[in-house]
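Q: Take a look at the letters that make up each chain.
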Amino acid sequence: MKKDNKNSTETTHSGITRKDAIKKMGKYAALTAVGTFMILNPKKAQAQSTPPNPGGW
Amino acid sequence: MISDYICKISNDNYLVWLQNSNKYIVVDSKLLKLINDKPKFSENIFLNKISQSLNIDLSRAKDIYIEINKLLLEFNQPTPVVHKTIYQKLIHCDIICFYKFNNVNVKVCFDSEQSKRLINPKFKHLTTLETDNINVQFSVFKNQSKIFLFKNDDIVGSWNKGEMHEFQGKFSMEFLCSSYNNSEHDWMGVFHASTISKNNKSIMFTGDSGNGKSTLISILMANGYNIIADDFTPILRSDLKTYCFPTAISIKEKSFDLIELLHPQIKDLDQYYIDDIKGHVKYLPPVTDKISANCNSVVWVKYAKDLDNNFEKISTENALQKFLPDAWISNNEVNAKAFMKWVRQTNFYELKYSDNKKLISLVDSLFLD
Numbered sequence: 121m122k123k124d125n126k127n128s129t130e131t132t133h134s135g136i137t138r139k140d141a142i143k144k145m146g147k148y149a150a151l152t153a154v155g156t157f158m159i160l161n162p163k164k165a166q167a168q169s170t171p172p173n174p175g176g177w
Numbered sequence: 288m289i290s291d292y293i294c295k296i297s298n299d300n301y302l303v304w305l306q307n308s309n310k311y312i313v314v315d316s317k318l319l320k321l322i323n324d325k326p327k328f329s330e331n332i333f334l335n336k337i338s339q340s341l342n343i344d345l346s347r348a349k350d351i352y353i354e355i356n357k358l359l360l361e362f363n364q365p366t367p368v369v370h371k372t373i374y375q376k377l378i379h380c381d382i383i384c385f386y387k388f389n390n391v392n393v394k395v396c397f398d399s400e401q402s403k404r405l406i407n408p409k410f411k412h413l414t415t416l417e418t419d420n421i422n423v424q425f426s427v428f429k430n431q432s433k434i435f436l437f438k439n440d441d442i443v444g445s446w447n448k449g450e451m452h453e454f455q456g457k458f459s460m461e462f463l464c465s466s467y468n469n470s471e472h473d474w475m476g477v478f479h480a481s482t483i484s485k486n487n488k489s490i491m492f493t494g495d496s497g498n499g500k501s502t503l504i505s506i507l508m509a510n511g512y513n514i515i516a517d518d519f520t521p522i523l524r525s526d527l528k529t530y531c532f533p534t535a536i537s538i539k540e541k542s543f544d545l546i547e548l549l550h551p552q553i554k555d556l557d558q559y560y561i562d563d564i565k566g567h568v569k570y571l572p573p574v575t576d577k578i579s580a581n582c583n584s585v586v587w588v589k590y591a592k593d594l595d596n597n598f599e600k601i602s603t604e605n606a607l608q609k610f611l612p613d614a615w616i617s618n619n620e621v622n623a624k625a626f627m628k629w630v631r632q633t634n635f636y637e638l639k640y641s642d643n644k645k646l647i648s649l650v651d652s653l654f655l656d
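Protein chains in written order, with our numbering: chain A, 121 to 177; chain B, 288 to 656.
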């Protein structure tokens, strides 16, 4: 995994600070950036594809 | 330790089940160690540990520190209640259907043709003339803008108009448990997948909605494969096998012509309107043979007319990221353990296809492995 030691205020190619970039990337952007990290959220209830529209709702 | 439920899924990556929130994380060994170590150290010592371990400056280490804190909070949040069921008395429903599967007789009572339309099209081919010796009775009715489901005299749940996919999922789960005479948590999980079988082996096809899973299994059914399930594939904890869930295969309007060449009977089937995006569907009765089969291959499917055929093995972490958010995994400890065991013994692939003939020979080769 490529690491860098850039300061958080340093601007990126797109002209925003690394901190801003992390904010834009989401909740766990810093963890995601330094290694393998993903949260997987299975469904809390069984579901199926949409059934036929019964009409009249 | 953040969890007692950790399994290695590749050289340096681990799958971790977080019991309180019933979430999973995939994380590498360095991050896992840091997350586990967090409670042992003061902030300053821990910041230095992060900085050394990941070879980053203290400012970045602080970002990591904040996120690990956030993560630990999230882990400890219990699973929210899926939805509340309001009090409701069972009301009389006089539109009745009788279905039979796996020698279990099921009676379903509906209050209206509208309610019947939510269930019957996919189950119609299981209709039986046996109206005695009923093993289980369901009632489905609408009241106060909600759809209610009862099993025998007990309420199972109620759902709003926007929750019809969950209502149908719950009905399918109850039907499944009645068919195999077991309970919800005997199942390790249910996958949003279409599954075929041959010679005691099954292959599960997952993929985003509209990527041709049902069309694909219909093509394979015309080429000698049996159907385990379309859209709703259960795996039993005790043997980690897929089990037949015999609802009809839902064929979308755009595939009617192709499927009619393979299954001419589809021409005479009723069609049902789903919505503006999906259009109409027809429900093709599946050819089922085996009740259960081993499953050690999961294929992520993507169909497009102009795609080059491509089939390759993908990493477990990549596969989990694709299919786990659409799956229901029972939140019992034994089921989480079973899920991890199943993940470790399963191979994951990605299939992009446009050529049906090549597809068949490819699936044939997977069954030979």
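Hints may contain errors.
What the hints assert, rightly or not - Below, in silico cross-link-like pairs of lysine-lysine (DSBU-like), each with a Cα-Cα straight-line distance of 30 Å or less:
no., chain 1, residue 1, chain 2, residue 2
1, A, LYS147, B, LYS411
2, B, LYS336, A, LYS163
3, A, LYS163, B, LYS429
4, B, LYS387, A, LYS147
5, B, LYS295, B, LYS624
6, B, LYS485, B, LYS403
7, B, LYS411, A, LYS164
8, A, LYS147, B, LYS403
9, B, LYS429, A, LYS147
10, A, LYS163, B, LYS644
11, B, LYS639, B, LYS565
12, A, LYS147, B, LYS644
13, B, LYS295, A, LYS163
14, B, LYS541, B, LYS448
15, B, LYS394, A, LYS147
16, A, LYS147, B, LYS438
17, B, LYS592, A, LYS164
18, B, LYS376, B, LYS488
19, B, LYS541, A, LYS147
20, B, LYS639, B, LYS403
21, B, LYS376, B, LYS485
22, B, LYS310, B, LYS644
23, B, LYS403, B, LYS310
24, B, LYS554, A, LYS163
25, A, LYS164, B, LYS554
26, B, LYS387, A, LYS163
27, B, LYS349, A, LYS147
28, A, LYS164, B, LYS336
29, B, LYS644, A, LYS164
30, A, LYS147, B, LYS645
31, A, LYS163, B, LYS357
32, A, LYS164, B, LYS357
33, A, LYS164, B, LYS645
34, A, LYS147, B, LYS485
35, B, LYS295, A, LYS164
36, B, LYS357, B, LYS376
37, B, LYS295, B, LYS387
38, B, LYS628, A, LYS164
39, A, LYS163, B, LYS645
Just so you know, these hints were derived from the structure itself, not from any lab.
Q: Look at each hint and say if it fits the structure.
A: The hints, checked one at a time:
Distance hint between A/LYS147 and B/LYS411 is unfulfilled; the C-alpha atoms sit about 46 Å from each other, more than 30 Å. As the CA atoms of B/LYS336 and A/LYS163 are separated by approximately 35 Å, the hinted pair breaks the 30 Å bound. This hinted pair checks out: A/LYS163 and B/LYS429 have alpha carbons roughly 25 Å apart, not beyond 30 Å. Restraint check for B/LYS387 and A/LYS147: the C-alpha separation of about 48 Å exceeds 30 Å, so the hint is violated.
This hinted pair checks out: B/LYS295 and B/LYS624 have alpha carbons roughly 13 Å apart, not beyond 30 Å. Under the criterion of a C-alpha separation no larger than 30 Å, the hint pairing B/LYS485 with B/LYS403 is inconsistent with the structure, at around 33 Å. Among the hinted pairs, B/LYS411 with A/LYS164 is consistent with the structure: their alpha-carbon atoms are about 28 Å apart, no more than 30 Å. Note on A/LYS147 and B/LYS403: the hinted pairing is violated, with a Cα-Cα distance of about 43 Å set against a maximum of 30 Å.
Straight-line distance between C-alpha atoms of B/LYS429 and A/LYS147 comes to about 40 Å, which puts the hinted pair past the 30 Å bound. Pair hint A/LYS163 plus B/LYS644 does not hold up; C-alpha atoms about 35 Å apart against a cutoff of 30 Å. A distance of roughly 21 Å separates the Cα atoms of B/LYS639 and B/LYS565; the hinted pair therefore holds under the 30 Å criterion. Restraint check for A/LYS147 and B/LYS644: not satisfied, since their Cα atoms lie roughly 44 Å apart, outside the 30 Å limit.
Among the hinted pairs, B/LYS295 with A/LYS163 is consistent with the structure: their alpha-carbon atoms are about 23 Å apart, no more than 30 Å. Restraint check for B/LYS541 and B/LYS448: satisfied, since their Cα atoms lie roughly 26 Å apart, inside the 30 Å limit. For the suggested pair B/LYS394 and A/LYS147, the alpha carbons sit about 48 Å apart, so the restraint of at most 30 Å is broken. Annotation: proposed proximity of A/LYS147 to B/LYS438 is violated, straight-line Cα distance about 41 Å (limit 30 Å).
Pair hint B/LYS592 plus A/LYS164 does not hold up; C-alpha atoms about 34 Å apart against a cutoff of 30 Å. Simply put, B/LYS376 and B/LYS488 have alpha-carbon atoms about 45 Å apart, too far for the 30 Å limit, and the pair is violated. This hinted pair does not check out: B/LYS541 and A/LYS147 have alpha carbons roughly 39 Å apart, beyond 30 Å. A hinted pair counts as satisfied when its Cα atoms are at most 30 Å apart, and B/LYS639 with B/LYS403 does not qualify at roughly 37 Å.
With a C-alpha separation of about 45 Å, the suggested pair B/LYS376 and B/LYS485 falls outside the 30 Å cut-off, and the hint is violated. Of the pairs offered as hints, the one joining B/LYS310 and B/LYS644 is violated, with about 40 Å between alpha carbons and a cut-off of 30 Å exceeded. Of the pairs offered as hints, the one joining B/LYS403 and B/LYS310 is violated, with about 35 Å between alpha carbons and a cut-off of 30 Å exceeded. Under the criterion of a C-alpha separation no larger than 30 Å, the hint pairing B/LYS554 with A/LYS163 is inconsistent with the structure, at around 36 Å.
About 38 Å separates the Cα atoms of A/LYS164 and B/LYS554, which puts this hinted pair outside 30 Å; it is violated. Of the supplied pair hints, the one linking B/LYS387 and A/LYS163 holds, its CA atoms being roughly 29 Å apart against a limit of 30 Å. Pair hint B/LYS349 plus A/LYS147 holds up; C-alpha atoms about 15 Å apart against a cutoff of 30 Å. With a CA separation close to 36 Å, the supplied pair A/LYS164 and B/LYS336 exceeds the 30 Å bound.
Among the hinted pairs, B/LYS644 with A/LYS164 is inconsistent with the structure: their alpha-carbon atoms are about 38 Å apart, more than 30 Å. With a C-alpha separation of about 42 Å, the suggested pairing of A/LYS147 with B/LYS645 is violated against the 30 Å cut-off. As the CA atoms of A/LYS163 and B/LYS357 are separated by approximately 22 Å, the hinted pair is consistent with the 30 Å bound. For the given pair, A/LYS164 sits about 21 Å from B/LYS357 by alpha-carbon distance, which is consistent with the 30 Å threshold.
For the suggested pair A/LYS164 and B/LYS645, the alpha carbons sit about 37 Å apart, so the restraint of at most 30 Å is broken. A threshold of 30 Å between alpha carbons decides the hint, and for A/LYS147 with B/LYS485 the separation of about 44 Å lies outside it, so the pair is violated. Between the alpha carbons of B/LYS295 and A/LYS164 the distance comes to roughly 24 Å, so the proposed pair stays at or under 30 Å and holds. The hinted pair formed by B/LYS357 and B/LYS376 fails the criterion: a straight-line CA distance of about 43 Å is larger than 30 Å.
Of the pairs offered as hints, the one joining B/LYS295 and B/LYS387 is violated, with about 42 Å between alpha carbons and a cut-off of 30 Å exceeded. A C-alpha spacing of about 21 Å is found between B/LYS628 and A/LYS164, which places the hinted pair at or below 30 Å, so the restraint holds. Restraint check for A/LYS163 and B/LYS645: not satisfied, since their Cα atoms lie roughly 34 Å apart, outside the 30 Å limit.
Of the numbered hints listed earlier, those contradicted by the structure are 1, 2, 4, 6, 8, 9, 10, 12, 15, 16, 17, 18, 19, 20, 21, 22, 23, 24, 25, 28, 29, 30, 33, 34, 36, 37, 39.
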